[in-house]
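*Asks:* These protein sequence lines are chains A and B, in that order.
For the first sequence, the working numbering assigns the number 36 to the initial residue and increments by one for each residue that follows.
For the second sequence, the working numbering assigns the number 63 to the initial residue and increments by one for each residue that follows.
It is possible that some hints are incorrect.
What the hints assert, rightly or not - Computed Cβ-Cβ distance ranges for the label pairs, DEER-style:
no.: 1; chain 1: A; residue 1: Q127; chain 2: B; residue 2: E433; range: 32 to 40 Å
no.: 2; chain 1: A; residue 1: E108; chain 2: B; residue 2: D557; range: 38 to 46 Å
no.: 3; chain 1: B; residue 1: T479; chain 2: A; residue 2: T107; range: 51 to 59 Å
no.: 4; chain 1: B; residue 1: R447; chain 2: A; residue 2: E38; range: 25 to 33 Å
no.: 5; chain 1: A; residue 1: T178; chain 2: B; residue 2: E571; range: 31 to 39 Å
no.: 6; chain 1: B; residue 1: R447; chain 2: A; residue 2: Q127; range: 38 to 46 Å
no.: 7; chain 1: B; residue 1: S480; chain 2: A; residue 2: E145; range: 46 to 54 Å
no.: 8; chain 1: B; residue 1: R558; chain 2: A; residue 2: E108; range: 39 to 47 Å
no.: 9; chain 1: B; residue 1: L443; chain 2: A; residue 2: E38; range: 21 to 29 Å
no.: 10; chain 1: B; residue 1: D557; chain 2: A; residue 2: G131; range: 31 to 39 Å
no.: 11; chain 1: B; residue 1: L443; chain 2: A; residue 2: E145; range: 27 to 35 Å
no.: 12; chain 1: A; residue 1: E38; chain 2: B; residue 2: A510; range: 48 to 56 Å
no.: 13; chain 1: A; residue 1: E108; chain 2: B; residue 2: E630; range: 54 to 62 Å
no.: 14; chain 1: A; residue 1: R152; chain 2: B; residue 2: A510; range: 49 to 57 Å
Unchecked claim - To give an idea of the chain A side of the interface with chain B (calculated C-beta under 10 Å), a few residues:
no.: 15; residue: M61
no.: 16; residue: M92
no.: 17; residue: L116
no.: 18; residue: R220
no.: 19; residue: A221
Treat the hints as calculated values from the structure; they're not laboratory data.
If you're wondering where the values come from, they're calculated on a predicted model, not measured in any experiment.
Note that CB positions come from ideal geometry on N, CA and C, so glycine has one too.
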Amino acid sequence: MSEPTVFLIDDDASFLTAISRLLRGMGFAVRSFDSAKAFLNELSTTARGCVLVDLKMPGLSGLDLQKSLAQTENPLPVIFLTGQADIPSTVQAMRGGAEDFLTKRAPKEEVAGAIRRAFERDEVERLKRSRLRELRSRLATLTDREQQVLRHVIRGQMNKQIAAELGINERTVKLHRTSVTRKLRAPSVAELTRLCQEVGIEPRRDPDKP
Amino acid sequence: MLEQAFRTELSRQCQSPIEFYAEHMDASHFSNKELYQIFSDYLAAKYAGEPLDLVMVFLGRDFKLAEDLPPHVFPKVPAIFLTANELEVPEPLMRSGIAGMVARYDPADTIALMRQLQPDLQKIVVVGGVSESDRKTLTRVEQASRATPGIEFEFWTNNVIKELLEPASELPPRTALLMSTILADAAGQTYYMSQSAQLLAPAASVPLYSLGGGAIGHGAVGGAVMDPAVIGMDVATVAAKALKGALPEPRISVRTNISRIVDWQQLRRWGISEARVPADCVVANRPKSLWEEHKRTISLMVAVLLAQAATIFALLVQLAQRRRAEMQIQQQRAELAHAARLSTMGQLASSLAHEINQPLGAILRNAEAAEMFLQRDSPDLTELRAIVADIRKDDQRAGGVIDRMRSLLKRQKLERTSLDIRELLDETLTIARSDARARGVQITIETAAGLPPVLADRVQLQQVLLNLALNAMDAMTNSTNENGTSRIILGAERDREGKVEISVRDFGEGLSSERLPHVFEPFFTTKTNGMGMGLAISKTIIEAHGGVIRARNNPDRGATFSFTLPAERPAATAAQPSRS
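Working from the sequences, and respecting the hints, build out all of it.
*Replies:* Printed below as a string of C-alpha cells:
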C-alpha cells in the first residue's frame with residue numbers, strides 16, 4: 036500500500052511548481068497534474084491521500100473533477116484552491132463534499148492542516164469502505180432463504196413466527212439462523228442488526244402494515 | 063426750359079385746366095416789317111374764334127418787333143411780357159398798359175465767383191458785343207469792374223469774334239475771360255451765348271466765364287446766371303394773378319434771379335479744385351457717379367453681394383457649428399470608448415484579480431518553500447536558485463497583468479506602432495484566459511505563417527479583440543452545448559488584397575438573419591445587461607485604422623467576427639511569389 040500523497044492539479048505551471056515545492060519541503064508526498072483529465076487517467080484504486088485542485092480550470096473544472104471522483108471506487112477527499120472565492124462556487128463545492136476550500140495565498144500552516152485532515156479522513160473513509168466491502172462479501176455468501184430468514188430475525192421475530200410466515204418447519208428456520216450467524220460471524224441478534232444497518236439491509240416489513 | 067417751368071407752375075397755381083398755344087416768330091433772324099405784318103394778321107385770323115384769357119410775350123433780343131404786337135393783335139386781352147435783357151423797357155410797351163418782367167444779368171456776382179474759383183486772378187478780359195443791348199450790359203460790367211479793386215480789366219468789345227480766337231489763346235496765366243452778351247460783333251454777326259462760348263472756350267488759354275447761362279455746358283467755366291426755371295416760375299406767378307384779374311404793381315418789375323453755376327468738366331479742364339466752389343453754387347455737367355448712373359444695377363449687385371456674403375457667413379457659421387458638433391461627437395465617442403473599456407474592465411476585473419493572484423500565490427509558496435529549505439543544515443542551493451528565478455518570473459508576470467490593466471484603463475489617443483499579430487493574439491488569450499476558464503471555454507489560436515506586422519494602436523486593437531472574444535464566450539454561455547464544443551478560435555490570415563484578416567470564431571448558436579445586419583449599430587444588443595456599444599466602438603476603432611469589420615455565420619455552427627487591417631509594408635508582400 037502506497038503512502039498518503041497530495042495530488043496537485045492546476046493548469047498554472049508556475050503555481051503548480053511552487054506549491055509542490057513547498058509541500059514536498061513540508062514532507063508531503065506530492066504528485067502534480069496540469070489537468071483534471073490527466074489526473075483521473077492515472078488515478079489508481081489504491082492511491083491514498085487527497086486532491087488539491089484549482090477551482091477554475093479550462094476543460095474539466097475543480098467542481099467537475101469532484102463529481103467525477105465521487106463516482107470512482109477511490110473517492111479521495113478534495114481540497115479546493117482558488118484565486119479568490121466566490122460564494123456560488125464555494126457553496127457548490129462544500130455541498131459536493133469538499134474537504135476544504137482555501138485561497139491560493141492561504142497560510143501554509145492552514146494548507147498543511149487541511150491536507151492532514153484530509154489524509155485522516157481518507158484513512159477513516161478508506162477503513163469504512165474496506166469493512167463495508169468485507170461485510171458485503173460475507174453477505175454475498177448467504178443463500179436466498181438465509182437472507183429471507185435474516186431479515187425476519189433482525190425484526191426481532193421468534194423462530195416459530197418466522198416458520199409460520201415463511202411456511203416452513205421451525206427446525207429448518209433454526210438451521211438457517213445458525214448458518215447465517217456463522218457466515219456473518221455475528222453471534223448475537225444485536226450484532227446482526229448493527230451489521231445489517233451498516234450495509235443497508237432493511238428489516239423485513241410487517242406484511243400486515245405495508 | 064423757361065416755358066416748361068412757366069406752364070407747370072401756372073397749371074399748379076390755377077386749379078382749372080389751362081390750354082396753351084405757342085407761336086414762334088423768330089424775330090431775331092427774320093426781322094422785317096412785312097413778315098411781322100403777315101404774322102400779326104395770321105395770329106388775328108387764327109385766334110379770332112378763340113376767347114384768349116392772357117397773352118404772354120417772351121421777348122427775344124429785339125423789343126422793337128414786339129412794340130405793337132399784343133395790343134394790336136389781341137386788343138382786349140391782358141398781356142404780360144418777359145424779357146431777359148438789359149435794355150430799358152421800350153416806351154410803347156410801357157404805354158401799352160401791359161405788365162412785364164425784366165430779368166437782369168449780374169456781372170458783379172459773376173466776377174466774385176471768378177475770384178473765388180481763381181484766388182490768384184490778376185486780370186479779366188471782357189468780351190462783348192456792339193449792339194445797343196450789348197453796350198448796356200457792358201456798362202454794367204464796367205460798373206462792376208470799378209467795384210472790384212486789385213483786378214485789371216481789359217475790354218475786347220469792338221471786335222470780330224473770330225478774330226479774337228488768337229489773342230485769347232495767348233493770354234497769360236492768372237487771367238480769365240468774361241463773356242458778356244454778343245448780340246452783334248463788329249462784323250454784325252449775331253451770336254447765341256452758346257455759340258460764342260463754343261468758339262472762344264476751346265481756343266482760350268485761360269478759363270472763360272459767362273454772364274448768361276447759355277454758355278454753360280458749351281465751354282464756359284461758369285457764372286452767376288439767370289436760371290430759366292426760376293424765371294419761368296416767377297412769370298407764372300404774375301400770370302396767375304393776371305388771370306384772376308389782378309395785374310401786378312409795379313407793372314414792370316426787374317428780377318435778378320441769379321444762380322451761380324459752374325461746369326464740372328471745365329473745372330477739371332482748368333484744374334480748379336471743387337473745394338473752391340462755394341456752397342451756394344450749382345455744379346452742372348458733373349458726370350453721374352457710378353451710383354447715380356447704375357443705381358438699380360449697383361443696388362441689385364450690392365443686394366446680391368450682401369445676400370451672397372450672408373449666405374457665405376451663414377455657411378461658415380454652420381460649418382463652425384458642424385465642426386464643433388463633430389468635435390463633440392468625437393469627444394463623446396472617445397468617452398464612450400473609454401466607458402466601454404471600463405465596462406470591459408469590469409467584466410474582466412475579477413478574472414484579472416485571479417490572474418494576479420496566480421503569480422502572487424506562486425511567489426508566496428516559493429518564498430515559503432525557500433524559507434523552509436534555508437532552515438535545513440545543508441540547503442539545496444540548486445533548488446533555492448530555481449525558486450528565486452521562479453519568484454522573479456512570477457513577479458514580472460504579475461507586473462505584466464497590472465501594466466495591461468493600466469493600459470486598458472488609460473484613455474489614449476491613437477498611437478500606432480508596428481504590431482505582430484501573433485503576439486497580439488497571445489496577449490488577448492492571456493487576458494481572456496481566466497475569464498474563459500471560469501466559463502469553461504477553450505481559446506485556441508490559429509494563425510497563418512509569415513503574417514506581416516500591422517501598424518495599429520495596441521491598446522485599441524486589444525480592446526476590439528477582447529470585446530469580440532468576450533462576445534464569443536457570451537454566445538456560447540447562452541447556448542446549450544455538449545462538452546467539447548465550448549471553444550473559440552482566434553485566427554489570423556492574409557486576404558486576397560494582402561490585408562491581414564483577424565477573426566474570432568465561436569461555436570454558439572450564431573446570429574439570426576434579422577440581427578446580423580444590425581450588430582454593429584450602436585445600442586444594438588442581444589444581451590440583457592449589455593449597452594450595445596461594444597461592437598459599435600469596435601467598428602469605429604477598426605475603421606479608424608483603415609480596416610473593415612464584419613460578421614457572418616459559420617457554415618457549421620456559431621458565428622465569426624472578423625476585421626481586416628492593412629499590412630504595414632504591402633510592398634514587401636508583393637515581391638513574394640504568389641502561391642495560386
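*Asks:* List in ascending order the numbers of the hints, as given earlier, that are violated by the structure.
*Replies:* 2, 5, 8, 10, 18, 19
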